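J.: Chains as they are written, first to last, in this note's numbering: chain A, 1 to 246; chain B, 1 to 276.
Honestly, the hints are just simulated from the structure, not real lab data.
These numbers come from a predicted model, not from an experiment.
Virtual Cβ for every residue (Gly too), placed ideally from N, Cα, C.
Check the hints yourself; a few may be wrong.
Partial list, computed: chain B residues near chain A (C-beta under 8 Å) [claimed, not checked]:
1. M157
2. T159
3. A167
4. H171
5. P175
6. W253
7. R254
Take a look, some chain B residues computed to stay more than 12 Å from chain A by CB distance [to be verified]:
8. R148
9. A160
10. R186
Just a few of them, taken from the derived set where beta-carbon distance is under 7 Å, the chain A residues facing chain B [as the list claims (entries may be wrong)]:
11. I56
12. R83
13. W87
14. F96
15. V97
16. T121
17. G123
18. Y125
19. G127
20. Q128
21. W175
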Amino acid sequence: MAGVRVRELRKEFPGGDPPVVAIEDISFTVDGQEFVSVVGPSGCGKSTLLNILSGIDTATRGQVDITQNGRPARLGYVFQSARLLPWRSVLDNLLFVQPARGPADRERCRRYLDMVRLGHTAGQYPGQLSGGMQQRVGIARAFSIEPDLLLMDEPFSHLDAITARSLRRELHDLWQETRKTVLFVTHDVSEAVELSTRILMLAPGGRLVADLPVRLPFPRDPAADEVALARADLLRRFESLDLLAG
Amino acid sequence: MAWVRSPRAARLLSWGCFLAAWQVAVPLLPTDLLPTPSAVAAFMVAELRRDTLAPHTVYASFGLSFQRLGVGLFLAFAAGVPLGLLMGLRRWAEDFLHDFAVAGLAMPSLAWALVAGMWFGFGDLAPVVTVTLAAVPFVVINVAEGARNVPADLLQMSTAYRVGRTAVIRHVILPALMPFFFAALRYGLANAWKGLVLAEVWASTEGAGWVIKFWYDAHRSQGIVGYALFFVLVALLIERVVFGRLSRWVFRWRPARQHDSPDGAGPVTAGASGRA
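Isolated chain A (complex conformation):
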């Protein structure tokens, strides 16, 4: 379990006058076994935030510390699309991200493929799998490095509702079993309420406008009253801030 410390983080994209602000001086911390969703409308800097945390992008200023017992934390990343190497088998895709790629790593990769019920596809190429199966391979890949922090960027947004629902359950079970620290970006308020222990609300312009705990017992049925109430409450907050219009 990792500790994430974000201080006064700002990201500007040059080109405009003034430059476009994607993230405006946000600060937050995430600790321990939290499943934190970052929720907000499209274009509010959610993906940019994850890209900065993962090292894909750099911040204009501010500070990011992701540590695990004082050492740099190991990160897993699940993207919107699976981002698998099409020319490598499913198992090799998992092995590709392992620091060592030894027999123990191979064994662990197989175990995580089994956990997402795709052990039988180890030797197949990603092009032979459906979109939902490819995304499950992406999830298995992220878990297979046994990360201290798991970053997820709208991992189910490209999938049909039925597949997305089943994958949400699978993700929740994996999280319950491993209790990794998760930072989960979504524009879907229902998804955030169903999965998270805490929700960060981002507004257009990359402003952090609320930091809310979700104190509902798991498993959460999306149709249950308390889940529906929490979802409605969150949507009301967005509306009161007049954020969705932006």
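Fit chain B to the known structure of chain A by using the hints.
T.: Just chain B now, kept in the frame of chain A:
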């Protein structure tokens, strides 16, 4: 006539008609400079049996030409891959080299053969240099195109997972470049093959191209046509057997799709045919 509707039968019929018309027409023409197909076939069979008037057998001549082709292509890739990568990855290199690479694509291989013959005289060097110069623009342009098309999302994924540079080159960049290497090899080879024949005609005393000139000097039209057909057959063999199998193996991860065309961007093939 329903059987003609089968594509294979129609194709066989068209070849049969062509050969029959050729066989019948030649004796009616007022010249002895056009051989009948049977004379060409008899010549080719004799050559394959090493029964020849030429100083070298067909095997020795093509063997030598292949060696020159192999060395020339190796040099074309050795020079073209780094230049192509530089062009694809650095804007200034693209600006600096682009016009020359495109001019190289447009240059007839005949011109390279003549220039190389003038520079290096008779021997191995002129054909090898011709092959290199004829192929290198295809390598440079295709590799540059490939380098520009390495999927950015996979490179980002590798960065996020802290994958080492060597593994990224081996598992992401090289496989992404592979369709472009294939295009470079295929079209570079097609252009170089024609350049090689010309260079051997002008600037060599052996090799398959030179043997065509030998038959020309000997006034044997079946020799010229027969050797030209050997060239066509060898090119087809390389295309079907070598490229076909290699590409099926390299691109085995693509289910039921064309095996040598990359996603999104096409390899550069302009000028690959009809220029010699």
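J.: All the hints need checking, so say for each whether the structure fits it.
T.: Hint check results:
no., hint, result
1, M157, "holds (4 Å)"
2, T159, "holds (5 Å)"
3, A167, "holds (7 Å)"
4, H171, "holds (6 Å)"
5, P175, "holds (4 Å)"
6, W253, "holds (4 Å)"
7, R254, "holds (7 Å)"
8, R148, "holds (18 Å)"
9, A160, "violated (4 Å)"
10, R186, "holds (19 Å)"
11, I56, "holds (5 Å)"
12, R83, "holds (4 Å)"
13, W87, "holds (4 Å)"
14, F96, "holds (6 Å)"
15, V97, "holds (4 Å)"
16, T121, "violated (13 Å)"
17, G123, "violated (12 Å)"
18, Y125, "holds (4 Å)"
19, G127, "holds (5 Å)"
20, Q128, "holds (6 Å)"
21, W175, "violated (19 Å)"
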